[in-house]
Amino acid sequence: MIKWIILAIFVISAFYIQQRGKVRHSFYRQFFDHSTLLAPINFLMYMFSKVPSQPYIDTQHFKDLKVLDENWEMIRDEAQALYEQGGIKASSSYDDLGFNSFFKTGWKRFYLKWYDSAHPSAAELCPKTTELLKTLPSIKAAMFTELAPDSRLVRHRDPYAGSLRYHLGLLTPNDDRCFIDVDGQRYSWRDGESVVFDETYIHYAENKTEQNR
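Take the position in the sequence shown, starting the count at 1, then add 503; the result is the number in my numbering.
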């Protein structure tokens, strides 16, 4: 009896994940998607979340992140210096679990913080930004990312609902052709502007301009 109850909870949770949002994977794609495995956990998180269950969340819910907006030019300067040194790059061996498919379509990154892992290179190359991140315990992971001209991120949903994604535009085309689409709603990055979104909705990104992002 208990196993049937557990199975029912899993099926109901998985169905809820599949139906959540306006944009959906096909049944076959969702069935084998890693987010299905975490469906019961994510279902509980959605039910008890203190923020609205919607693709984009007003940044007013995250007042501690305002310090990043206020210091965006300093962060931009360190990111630009790192970019010019070639420090923002793809994994050379596709061994970065979770991001391998992104590298194949032009996405690059540099880790500033990844939970409790030490990143001495970040402290050395981006000292001001890493020090600023230390004052924000709500941020568990942070990175500089690059989306080159004519590059894209494939359509996907992240598997775990225990976090939200904050994007701060640093060096962008300031063009509507460079955008992220979350559950069918597009947001185009602009220098010095930030956005928070729920990455468990299906999303993708494209840079159709001739300028790097």
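These are calculated hints, taken from the structure and not from any lab test. Don't be surprised by glycine CBs; every beta carbon is placed ideally from N, CA and C. Don't take every hint at face value.
Said to hold, decoys possible - When the alpha-carbon atoms are kept at most 25 angstroms apart in a straight line, the in silico BS3-like pairs for lysine-lysine are as follows: (1) Lys592 x Lys643; (2) Lys643 x Lys553; (3) Lys643 x Lys569; (4) Lys616 x Lys637; (5) Lys592 x Lys607; (6) Lys631 x Lys616; (7) Lys607 x Lys711; (8) Lys506 x Lys525; (9) Lys553 x Lys566.
Stated by the list, open to error - Have a look at the derived ranges for each label pair, beta carbon to beta carbon: (10) His670 x Ile512: 27 to 37 angstroms; (11) Ala621 x Ser641: 15 to 25 angstroms; (12) Met548 x Gln688: 14 to 24 angstroms; (13) Trp507 x Arg680: 50 to 60 angstroms.
Hints, verified against the model:
1. Lys592 x Lys643: holds (21 angstroms)
2. Lys643 x Lys553: holds (18 angstroms)
3. Lys643 x Lys569: holds (16 angstroms)
4. Lys616 x Lys637: The given pair, whose Cα atoms are some 9 angstroms apart, holds under the 25 angstroms limit.
5. Lys592 x Lys607: The given pair, whose Cα atoms are some 12 angstroms apart, holds under the 25 angstroms limit.
6. Lys631 x Lys616: holds (13 angstroms)
7. Lys607 x Lys711: holds (16 angstroms)
8. Lys506 x Lys525: violated (32 angstroms)
9. Lys553 x Lys566: holds (14 angstroms)
10. His670 x Ile512: 27 to 37 angstroms: holds (34 angstroms)
11. Ala621 x Ser641: 15 to 25 angstroms: Holds: the Cβ-Cβ distance is about 20 angstroms, inside 15 to 25 angstroms.
12. Met548 x Gln688: 14 to 24 angstroms: Hint holds: Cβ distance 21 angstroms, inside 14 to 24 angstroms.
13. Trp507 x Arg680: 50 to 60 angstroms: holds (51 angstroms)
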